[in-house]
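Q: Chains as they are written, first to last, in the numbering used here: chain A, 1 to 504; chain B, 1 to 206.
Heads up, a few of these hints could be off.
Calculated cross-link-like contacts (lysine-lysine; reagent style DSS-like; alpha-carbon spacing at most 30 Å) [to be verified]: (1) B:7 / A:409; (2) B:195 / A:294; (3) B:67 / A:88; (4) A:86 / B:195; (5) A:60 / B:195; (6) B:203 / A:301; (7) B:195 / A:289; (8) A:46 / A:289; (9) B:195 / A:46; (10) B:20 / B:59; (11) A:409 / A:421; (12) A:134 / B:42; (13) B:20 / A:88; (14) A:40 / A:409; (15) A:88 / B:203; (16) A:134 / B:197; (17) A:369 / A:454; (18) A:397 / A:321; (19) A:294 / B:203; (20) A:247 / A:310; (21) B:59 / A:205; (22) B:36 / A:86; (23) A:139 / B:20; (24) A:346 / A:247; (25) A:134 / B:203; (26) A:60 / A:308; (27) A:60 / B:42; (28) B:67 / B:42; (29) B:59 / A:60; (30) A:202 / B:67; (31) A:228 / A:40; (32) A:88 / B:59; (33) B:151 / A:289.
In silico negatives: residues of chain B with every beta carbon more than 12 Å from chain A [unchecked claim]: (34) 14; (35) 142; (36) 195.
Derived by calculation from the structure, the hints in this document are not laboratory data. Glycine residues also receive a C-beta, built at the ideal position from the N, C-alpha and C atoms.
Spelled out, the chains give:
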Amino acid sequence: MAKSKEIFYSKKFKENYLYLKKSKNFILVKNLKLKKIKMKRTLLDKIWDIHRVRTLPNGKDQIFIGLHLIHEVTSPQAFQMIREEKLKVLFPQNTFATVDHIVPTDDQSRPLKDPLAEEMLTALENNTKETGIKFFDFKSVKQGIVHVIGPELGITQPGMTIACGDSHTSTHGAFGSLAFGIGTTQIKDLLATQTLALSKPKIRKISVKGKLGIGVYAKDVILAIIQKLGVNGGIGFCYEYGGEAIKNFNMEERMTICNMTIEGGARMGYINPDDTTFNYIKEREFAPKGEEFKRAVSWWKAIASEPKAKYDDTVELDGSKIEPMVTWGINPGQTIGISKTLPDIKSLNSNERETAKEAYEHMGLESGKPLKGIPIHVAFIGSCTNSRISDLREAAKIAKGRKVALGVKALVVPGSQQVQKAAENEGLDKIFKEAGFEWREAGCSMCLAMNPDKLKGRELCASSSNRNFKGRQGSATGRTILMSPAMVAAAAIQGSLTDVREFL
Amino acid sequence: MNPTEIKKISFLSGRGIPLKGNDLDTDRIIPARYLKCVTFDKLGEYLFYDVRFNENGSKKEHALNEKKYEGATIMIVNRNFGCGSSREHAPQSLLRYGIKALIGESFAEIFSDNCTALGLPLVTAKKEDIENLMNFVEDDPVCEIKIDLEKLEVTYGDFSILVQQPAQMRKALLEGSWNSTGELLSSLKEIHLVKSKLPYLNKFNF
């Protein structure tokens with residue numbers, strides 16, 4: 001632990017000695033060079049330190065937040081508090097807004113048909129206008145899911161602290177930033193002070209070694225990680241993802257990994273920035289340009305974890321052994337490889353059995369049977385986890401020249417207006433439409449059913465989203481099976497859960 | 001309220017309203033469908049909505065619907081009040097309905113934290129003391145109940161009972177440090193200093 005092992009100079013022996021302080025025992029270490037003994041730090045340590053304003057009387061750290069993202073659902077009450085408490089937004093230029101949760105994906109003309117949705121959108125317009133916060137609305141042609149547009153506009157950068165009233169803010173950690181979700185009172189704190197009272201998490205390094213097989217994507221890797229560590233395994237931790245498989249991922253794949261960090265219980269997770277990161281950011285609208293970009297890269301390189309940094313825990317996975325993953329239950333930790341059969345409840349840990357039983361009842365599934373072949377009613381490709389251009393390309397490869405099975409409602413919802421435009425320029429929309437998929441406009445859509453896209457009754461949905469909680473997709477009895485976008489496309493074509501590898 | 005001024009809460013008084021029952025959860029305090037809103041303003045109207053009203057909007061039998069408790073500001077409850085989700089909407093709906101404090105046998109942990117953040121005091125008392133207080137208020141709803149947080153004492157009529165409060169909540173209320181914004185804002189100079197040193201907010205000149 002970094003705190004119990006402090007190293008410092010003694011004035012008297014400054015030249016030749018260092019004291020190593022461990023608990024209350026002092027050990028005199030002779031002739032050690034500072035360079036060698038200096039504590040190697042993680043990206044978490046470095047970012048935390050430069051953003052720390054002070055330690056508060058309650059023991060928490062007051063942390064400066066470099067980037068605040070807001071959307072229509074969790075911010076209006078915070079703005080109300082700001083008004084009621086006669087506060088002002090301290091640094092409006094450090095906050096960016098978009099609308100995503102409540103937007104319809106078929107007809108985005110104003111006023112929105114749902115008066116409550118229209119009211120929430122209007123409130124965001126007024127709040128951002130009054131306080132001078134930049135709002136990417138429909139007209140901007142840059143609107144989209146908050147965790148899609150931050151990166152694609154170059155707003156999200158390495159070394160930042162990033163917060164948003166949304167648990168999937170962990171997505172932005174893909175760039176080597178500390179990014180996490182917050183509650184409404186914290187949004188108020190952030191608007192008023194650009195800081196938050198936080199406790200520094202512990203750090204766990206998760207290495208995914210080896211090369212992934214064909215038909216295995218970032219979604220399968222993160223589902224395998226959550227399966228291994230459990231949905232509560234990350235509580236109190238920040239995750240650092242590394243290893244060959246992670247290193248080989250492009251930025252969009254890295255975002256999928258970091259996005260679902262919260263589903264494993266960790267509030268934030270990151271990947272050290274490298275050339276893949278810098279190349280992605282270069283030339284984006286809000287990215288530094290020219291000489292400034294060069295200076296940025298040298299700083300971004302310097303904030304990465306040092307090779308011998310200390311971790312509170314380390315976990316390794318063999319990427320070559322991961323197969324396409326599917327969930328079978330009511331939380332994202334209840335997963336199996338598509339070739340496997342459903343687990344026997346007795347084979348599970350005792351604390352998992354109750355939920356497994358509830359899951360089987362809700363899903364109408366039985367142990368010992370495979371998931372492959374189970375008919376689906378809805379196929380959903382979208383959400384902050386998997387709605388970026390590379391996700392759509394992979395799904396389109398499967399859809400091309402094939403037809404959605406009869407009776408299956410299949411939706412493709414791009415994550416942002418820019419993703420939509422890029423996909424249309426490449427003709428992906430045509431591929432999907434010809435195959436029988438509905439091509440929609442940008443939004444959160446069927447991930448959480450705060451908009452018109454919802455499951456009905458007991459419908460079973462093959463979904464590229466992030467949560468398979470009961471009722472999550474809008475019907476209390478609806479059923480969600482999480483998987484990669486390519487697997488969703490394959491299921492839509494097959495009309496049942498299937499192995500995407502048979503389509504490649 | 002100016003957040004830089006500390007608002008100490010050490011004494012409250014008002015008329016009481018007894019709300020009998022254990023494990024009254026956050027979904028009952030504020031039903032989920034009322035979370036689709038832009039302000040917490042109307043949450044007061046929806047406080048305990050589904051247990052107060054029928055589907056057609058007619059009133060059910062409930063303490064909050066009784067005329068004799070109109071204007072009451074101190075809610076008296078039983079065990080494990082506020083269990084369930086972490087939604088801030090629950091204490092917000094109580095606050096906006098006009099509740100200034102709650103006296104109960106026990107409160108759920110997250111609910112208790114949320115109340116602290118909003119400066120809504122909770123105190124706990126023994127089961128029989130709560131029952132006596134509830135009965136007294138039923139018979140004499142206009143009686144003034146006084147809560148002294150310094151002395152940890154509740155007085156009503158000729159009676160007085162000893163109450164408890166979690167130490168952190170008590171400290172926050174008595175010192176007026178329950179509003180974290182004020183605490184954070186008090187280091188404005190340091191905030192500017194940290195901002196001025198962050199490479200990404202200063203054109204990467206470092």
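Q: State for each hint whether it applies.
A: Consistency of the hints with the structure:
Straight-line distance between C-alpha atoms of residue 7 of chain B and residue 409 of chain A comes to about 56 Å, which puts the hinted pair past the 30 Å bound. The suggested pairing of residue 195 of chain B with residue 294 of chain A holds, with an alpha-carbon distance near 21 Å, which does not exceed 30 Å. Straight-line distance between C-alpha atoms of residue 67 of chain B and residue 88 of chain A comes to about 40 Å, which puts the hinted pair past the 30 Å bound. The hinted pair formed by residue 86 of chain A and residue 195 of chain B meets the criterion: a straight-line CA distance of about 23 Å does not exceed 30 Å.
For the hint linking residue 60 of chain A to residue 195 of chain B, the alpha-carbon distance of about 19 Å falls within 30 Å, and the restraint holds. In summary, the hint linking residue 203 of chain B to residue 301 of chain A is supported, as the alpha carbons are separated by about 16 Å, within the 30 Å threshold. Restraint check: the Cα-Cα separation between residue 195 of chain B and residue 289 of chain A comes to about 21 Å, which is no more than 30 Å; the hinted pair holds. With a CA separation close to 24 Å, the supplied pair residue 46 of chain A and residue 289 of chain A stays within the 30 Å bound.
Proposed proximity of residue 195 of chain B and residue 46 of chain A is supported: the alpha carbons are some 15 Å apart, at most 30 Å. Between residue 20 of chain B and residue 59 of chain B, the direct Cα distance comes to roughly 18 Å. Compliance with the 30 Å bound is thereby established for this hinted pair. A distance of roughly 23 Å separates the Cα atoms of residue 409 of chain A and residue 421 of chain A; the hinted pair therefore holds under the 30 Å criterion. Between residue 134 of chain A and residue 42 of chain B the CA atoms are separated by roughly 28 Å; this keeps the pair inside 30 Å, and the hint holds.
Distance hint between residue 20 of chain B and residue 88 of chain A is unfulfilled; the C-alpha atoms sit about 41 Å from each other, more than 30 Å. For the given pair, residue 40 of chain A sits about 53 Å from residue 409 of chain A by alpha-carbon distance, which is inconsistent with the 30 Å threshold. A threshold of 30 Å between alpha carbons decides the hint, and for residue 88 of chain A with residue 203 of chain B the separation of about 26 Å falls inside it, so the pair holds. As the CA atoms of residue 134 of chain A and residue 197 of chain B are separated by approximately 24 Å, the hinted pair is consistent with the 30 Å bound.
With a C-alpha separation of about 28 Å, the suggested pair residue 369 of chain A and residue 454 of chain A falls inside the 30 Å cut-off, and the hint holds. Restraint check for residue 397 of chain A and residue 321 of chain A: the C-alpha separation of about 24 Å stays at or below 30 Å, so the hint holds. For the proposed pair residue 294 of chain A and residue 203 of chain B, the alpha carbon gap of about 11 Å is at most 30 Å, so the pair holds. The straight-line distance between the Cα atoms of residue 247 of chain A and residue 310 of chain A is roughly 20 Å, inside the 30 Å bound, and the hint therefore holds.
Taken as a hint, the residue 59 of chain B and residue 205 of chain A pair is broken in the structure, with Cα atoms around 57 Å apart against an allowance of 30 Å. A hinted pair counts as satisfied when its Cα atoms are at most 30 Å apart, and residue 36 of chain B with residue 86 of chain A qualifies at roughly 25 Å. As the CA atoms of residue 139 of chain A and residue 20 of chain B are separated by approximately 52 Å, the hinted pair breaks the 30 Å bound. A hinted pair counts as satisfied when its Cα atoms are at most 30 Å apart, and residue 346 of chain A with residue 247 of chain A does not qualify at roughly 38 Å.
Between residue 134 of chain A and residue 203 of chain B, the direct Cα distance comes to roughly 20 Å. Compliance with the 30 Å bound is thereby established for this hinted pair. Between residue 60 of chain A and residue 308 of chain A the alpha-carbon distance is near 27 Å, which keeps this suggested pair within the 30 Å criterion. Taking the CA atoms of residue 60 of chain A and residue 42 of chain B, the gap is about 33 Å. The hint is violated against a cut of 30 Å. Proximity of residue 67 of chain B to residue 42 of chain B is assessed by CA-CA distance (about 21 Å); at most 30 Å being required, the pair is judged to hold.
Proposed proximity of residue 59 of chain B and residue 60 of chain A is contradicted: the alpha carbons are some 46 Å apart, above 30 Å. Among the hinted pairs, residue 202 of chain A with residue 67 of chain B is inconsistent with the structure: their alpha-carbon atoms are about 54 Å apart, more than 30 Å. Distance restraint check for residue 228 of chain A and residue 40 of chain A: the Cα-Cα separation of roughly 28 Å lies within the 30 Å cut-off, and the hinted pair is therefore satisfied. In summary, the hint linking residue 88 of chain A to residue 59 of chain B is not supported, as the alpha carbons are separated by about 41 Å, beyond the 30 Å threshold.
Between residue 151 of chain B and residue 289 of chain A the alpha-carbon distance is near 63 Å, which puts this suggested pair outside the 30 Å criterion. In this structure residue 14 of chain B is separated from chain A by more than 12 Å, as the shortest Cβ-Cβ distance comes to about 21 Å. Its beta-carbon lying about 31 Å from the closest one in chain A, residue 142 of chain B satisfies the requirement of being farther than 12 Å from that chain. Against chain A, the non-interface label of residue 195 of chain B is violated: not every CB pair exceeds 12 Å, the least being about 6 Å.
Checked against the numbered hints given earlier, this structure breaks hints 1, 3, 13, 14, 21, 23, 24, 27, 29, 30, 32, 33, 36; the rest are met.
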